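Produce the complete structure using the sequences and hints provided.
Residue numbers (the numbering used here): 3 to 195.
Misleading hints may appear alongside valid ones.
To be verified - Each computed DSS-like pair below joins lysine-lysine, with the alpha-carbon atoms no more than 25 Å apart:
| no. | residue 1 | residue 2 |
| --- | --- | --- |
| 1 | K145 | K96 |
| 2 | K145 | K92 |
| 3 | K76 | K92 |
| 4 | K76 | K96 |
Note that these hints are calculated values from the structure, not bench results.
Given the structure is predicted, the values throughout are model-derived calculations rather than measurements.
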Amino acid sequence: MASGDFGQLIYLVLLGVVLIGWYLARHRGNLNRTLQQALLWALLFGGVVVLYGFRDELRQQVMPHSSVMVEGNKVMLTRAGDGHFYARLKINGKDIVFVVDTGASDLVLSRQDAITLGINPDDLVYVGTASTANGVVRTARVKLASVEFGGFVDQNVTAWVNDGDMQGSLLGMAYLNRFQHLEISGDTLTLTR
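What follows is the structure, encoded as structure tokens:
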């Protein structure tokens with residue numbers, strides 16, 4: 003179901019609840035008490051069915067990022083409701099959420115995440131390019147003093163700031179190759195150092 007359809011369904015359900023509530027309040031004295039109770043139970047049951055039907059979409063809205071578990075030299079990520087793996091890295095002391103992207107060559111920062119890190123994208127020299135699903139974009143190389151993930155700390159990590167419109171930052175192979183082993187099994191991504 004498309005996100006626009008989900009929003010429209012919520013609107014229609016809420017509108018229906020308001021209209022039925024108004025009708026019941028207006029004609030309360032004329033309706034048989036049993037009919038009122040039956041209608042209330044039907045509304046409650048319908049609401050539960052709708053919520054259950056959209057449980058995955060609701061879970062994704064409430065908890066959009068996957069969970070992380072660390073065991074010794076392993077970092078395990080759980081697949082998020084949207085099918086992606088997300089990793090929260092501490093970059094120069096600030097938390098940044100990345101999409102794990104084995105199709106991306108490098109660690110790529112969105113303009114917004116670069117700003118969060120105190121990097122002004124307008125002051126960078128964009129000498130590189132990258133091919134994305136949205137076409138070719140300019141990139142600027144930056145050095146990150148400290149990158150921490152799952153208890154592992156790396157210094158002087160090369161990253162690229164994407165000058166294009168990105169929804170979030172990408173954790174590509176240049177960083178993932180710091181791990182000896184990468185395995186996806188079911189809904190778990192395991193990175194071993």
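ask   = Holds or violated: K76 with K92, Cα cutoff 25 Å?
value = holds, 17 Å
message = Need the status of pair K76, K96: alpha-carbon distance at most 25 Å?
response = holds, 22 Å
Distance restraint between K145 and K92, which requires alpha-carbon spacing of 25 Å or less = holds, 14 Å
ask   = Regarding the pair K145 and K96, is the alpha-carbon distance no greater than 25 Å?
value = Between K145 and K96 the Cα gap is close to 15 Å, so the pair holds against 25 Å.
Hint compliance for this structure: no hint is broken.
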